[in-house]
Amino acid sequence: MGTAVYNGEVPTPSLTGFTLPITAAMGAFFGLIAGQSTGLGGLLGIAAGAVVGAIVAYILVTMVSYKTGRWGAIVAIGLIGFFVGGNLGLVVGLIAGALLGWCAYWLHLGKYRRSLPPYATSGQVLWHNSFKFICGAIFFFLIAPIITIIPLSFNAENFFTFTPEMLALDPAGYSLQHYRDFFTNDDWLRPMKNSLIIAPFATIISVSLGTLAAIGLSQSHVPFRRAIMAILISPMIVPLIISATGMFFFYSQMGLWMENTFGISKSLSGYIKVILAHAALGIPFVIITVTATLVGFDNSLTRAAANMGATPTTTFFKVQMPLILPGVISGALFAFITSFDEVVVVLFVGAAAQKTLPWQMFTGLREQISPTILAVATILVIFSILLLATVEILRRRSERLRGMSPA
Amino acid sequence: MTDTLDSGPVLAADGRPLKASLNRALRRQKMRSMMLIAPLLIFIMFTFVIPIGQMLFRSVENQIVSDVLPTTTQMLHDWDASTGERPSEDVFAALTKDMMVAVEKKEHTRLGSRLNYETTGISSLFRKTGRRVDDMGEVYTEQFTALDPTWENPVFWADLVALPDAAAALPQTLAAYASFSDTIISEDGDDPREEQPWNTVYLSLYQDLSAASAADLSALPAEVGVAQAAVGGFETQNLGDAFTKIDKDWSSVEVWETIHTYSPDFTNGYFLNSIDRQKTADGSEWRGEQQQIYLTLFVRTLIMSMTITISCILLGYPVAWLLANLPMRTANLLMILVLLPFWTSLLVRTSAWKVLLQQQGVINDIVVWLGLVADDNRLALINNATGTIIAMTHILLPFMILPLYSVMKTVPPTYVRAAKSLGATNWTAFWRVYFPQSVPGIGAGSILVFILSIGYYITPEIVGGTKGVFISNRIAYHISSSLNWGLAAALGSILLAVVMLLYWAYDRIVGIDNVKLGG
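As they're listed, the protein sequences go chains U and P. All residue numbers for the first sequence refer to this note's numbering, where the first residue is 145 and numbers rise by one. All residue numbers for the second sequence refer to this note's numbering, where the first residue is 805 and numbers rise by one.
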């Protein structure tokens, strides 16, 4: 945070005027939760919580060492929680113990102002810590909705909220039934299969055409480069609903034309339409990632290869491709996820036979909402974690290959 | 000096002038890069640009009226709605003929639903008329056949219209017969030489014979001359009254005015509709208060997109600042918390919010559990604007944080330190020194978030209810439910224009090549 870091001794703050009241306030907060949830009443909870918080802080900072103190607080308050509120109480108690112990030492040992210069006023210290707290809250806002659905997907009931059994950590409250439903129900398996057919084909088209074009664009002396770039990026900028509306009109005629001219079946032409539409949507991502990789590409390498007698094709596959491969792969992942995650266009262009996973989720959310959606969502979250990791690894590898510092 | 003048232009190794050689090399290089780009450009043209262009075209295209009612629209051209009179008998005669063909081709219902978007009731009017139009003019058929049964003979008819002099003498009959024969050949695969013509052909014959003189008909078979002598005494049918008997709306000026207004091949009617105006004979007027929905929706879309953009700035700025100023290792770890939502499926995040925000959902359960809200007074967080704003802020927040972060990374920390050492307070140092340097990031992020949110469909559809939907939901409704595709295309074109304007601004501020993905 602050740039001038002072790691020297910080004067111990006042125990009764600083550490005890703040820890007590935190205790009061947990007391409020406990009081409300057990039915003892909020005020009683606040009072009891404040007393417990103050006592814990006093014992910790005056009597025991850091490590013993932290563990001691966790165990003690966890036990209090267990006696008051059973299994759930135990969990809340353990968390409260960890936080109270941390808070007491954080304040008493002066860690709260460690990254600030010693001359910082108390107002600045307060702002510094409030700012950290606000940022923490925003991160919580970002991540909490995604995390919350994971335990909910193991719900034994058809509810979308935590049942009392789940809160009591009773195994009977949890089950894999929604996952079982996903893996056995044809309403979900067929869309899954469709998604796995459509997305790879769309990815192959966008990556092969997109990589070639990105190489062409990165050369010097490309006429109308800005205009071409604008056209190629446009599927990403034009709102999906407009793309879908335009494609809806055009692709229905194209489908009829394909069926009449080549005599292909309605279902095959449906797949071709959706694949082409998704390929168009994925292209900007390939162009952007591959162009970014090519920015650092040293063109003397291709000239050197040509000098040594390599044909342009050999040069491309042996010299250029290995170097830009990370960019191509992460472009491919973007194109894949674009197609895999796309609803609006497939909703307009595709027929029921091409129903994809997001389409099925969309219908589910709009009409007959079933908790299986949460199981699917959890699987997709895990899938996106894997994708994120892959892209991150590729990005670093690419930067290393191009001799840039890993950022 | 003289040496170079004597030797002429500098030559390359192969003896050509160097300048030409260089130009040729440059041209070849340009060709090569164009060859690499061309496949994709053609692909995008066909799969994306042409469909969008076609949508733009569809928003003004209106050929269906003049296609289905070709003669009626022509005859109606000079009709003046301000007289308050229904059109003349000639127009009704033309309508009879056009409708006959349209009914056989089953096009009248399509036209009916097209015109129904403009004036309610036309759809049922056309359907009702379509069932009874083949009786129109029957009175003439009966009188011609009573006069001479030859008029019933299909072969006689086919021979009559094939005569070279028929075209000049019986123009309307020929036209009516042509549409009769074309239609039965194309629709039913019948032979006109085996089918008795429609009543409309006899009606046209009656019209022709009433107008023609005996001399004109001298070259035609004798039956025609006999018929011409007799038509003066024929019982006539008032077609206007006959149509009005089917449905009194045929005498209503409003219906005729609609057909008249939408006769041209191109119309600005869809665009007028999409800004809540109505096309009239001379210009346009505002729709009634009750029917004004699109302007409200456009305004709501803009206001909500702005609200979402502002919430994204408020939430994204501190986080981006923190990420840009923390040590690399910690920042990369925290970055995962931004990138994970970014990579998670849109549907997953929308489902999560639907689950969290419901009346019986997690957030309501928690506030009730904490006793902040009574159980019978749960917060209405979903199916309204609040739900849309919360969910979309969450979904679009990464798009704000990432550009902000990349701009803030480039702001040197020494500037703020210098400001402070010169005596600035923390606030002044931030507001006067740091903030102005981060403005490009705010601009880039805001435009990105605004462009994305203005065209959002899925999330408002699921968490927006009726009060939290955007213009895109209305477009989808017109595509899939009301089937008013022209209006959907016009609404889409307006939205596209707004986005293009913003895109242009984005290109000017950030440059489209500088878009970065995933940090």
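Rather than coming from a laboratory, the hints here were simulated on the basis of the structure. Warning: the hint list may mix true and false statements.
[Said to hold, decoys possible] Estimated spans, in silico, between C-beta atoms of each pair: (1) U:Asp442 / P:Leu830: 18 to 28 Å; (2) U:Leu400 / P:Glu1027: 29 to 39 Å; (3) U:Ser409 / P:Ser1284: 19 to 29 Å; (4) P:Asn1188 / U:Thr457: 56 to 66 Å; (5) P:Tyr1219 / U:Lys255: 20 to 30 Å; (6) P:Gln1096 / U:Arg544: 54 to 64 Å; (7) U:Ala533 / P:Thr924: 52 to 62 Å.
[Stated by the list, open to error] Not the full set, but computed from the structure, chain P residues with beta-carbon under 7 Å of chain U: (8) Gln858; (9) Ile988; (10) Ile1050; (11) Ala1292.
[To be verified] Here are some of the chain P residues that sit facing chain U, going by a computed Cβ distance under 10 Å: (12) Met838; (13) Val1035; (14) Val1166; (15) Glu1265; (16) Ile1266; (17) Asn1277.
Predicted model only: the values in this text are computed from it and were never measured. The C-beta atom is built at its ideal place from N, Cα and C for all residues, glycine as well.
Going through the hints against the structure:
Taking the beta carbon of each, aspartate 442 (chain U) and leucine 830 (chain P) are about 21 Å apart, inside 18 to 28 Å as hinted. For leucine 400 (chain U) and glutamate 1027 (chain P), the hinted distance range of 29 to 39 Å is not satisfied, since their beta carbons lie about 47 Å from each other. For serine 409 (chain U) and serine 1284 (chain P), the Cβ-Cβ distance of about 24 Å falls inside the hinted range of 19 to 29 Å, so the restraint holds. For asparagine 1188 (chain P) paired with threonine 457 (chain U), a C-beta distance near 59 Å keeps the hint of 56 to 66 Å intact.
Between tyrosine 1219 (chain P) and lysine 255 (chain U) the Cβ separation comes to about 29 Å, which falls inside the hinted range of 20 to 30 Å. Between glutamine 1096 (chain P) and arginine 544 (chain U) the Cβ separation comes to about 60 Å, which falls inside the hinted range of 54 to 64 Å. Separated by about 57 Å at the C-beta atoms, alanine 533 (chain U) and threonine 924 (chain P) satisfy the suggested range of 52 to 62 Å. Contact between glutamine 858 (chain P) and chain U, as hinted, is supported at the beta carbon level, the nearest pair being about 5 Å apart and thus within 7 Å.
Nearest Cβ of chain U to the Cβ of isoleucine 988 (chain P): about 24 Å, over the 7 Å cut. The hint is violated. Checking isoleucine 1050 (chain P) against chain U: minimum C-beta separation of about 34 Å lies over 7 Å; hint violated. Proximity of alanine 1292 (chain P) to chain U holds as hinted, the smallest CB-CB distance being about 6 Å (cut-off 7 Å). With 10 Å as the threshold, the beta carbon of methionine 838 (chain P) comes within range of chain U, its nearest partner Cβ sitting at about 7 Å, so the hint holds.
Given hint, valine 1035 (chain P) at the interface with chain U, is violated; its Cβ is 48 Å from that chain's nearest Cβ, farther than 10 Å. This hint holds: valine 1166 (chain P) has a C-beta 5 Å from the nearest C-beta of chain U, less than the 10 Å allowed. For glutamate 1265 (chain P), the interface hint holds, the least distance from its beta-carbon to any beta-carbon of chain U being 7 Å, beneath 10 Å. Because the beta carbon of isoleucine 1266 (chain P) sits about 5 Å from the nearest beta carbon in chain U, less than 10 Å, this interface hint is met.
At its closest, the beta carbon of asparagine 1277 (chain P) sits 8 Å from a beta carbon of chain U; the interface hint therefore holds under the 10 Å criterion.
Of the numbered hints listed earlier, those contradicted by the structure are 2, 9, 10 and 13.
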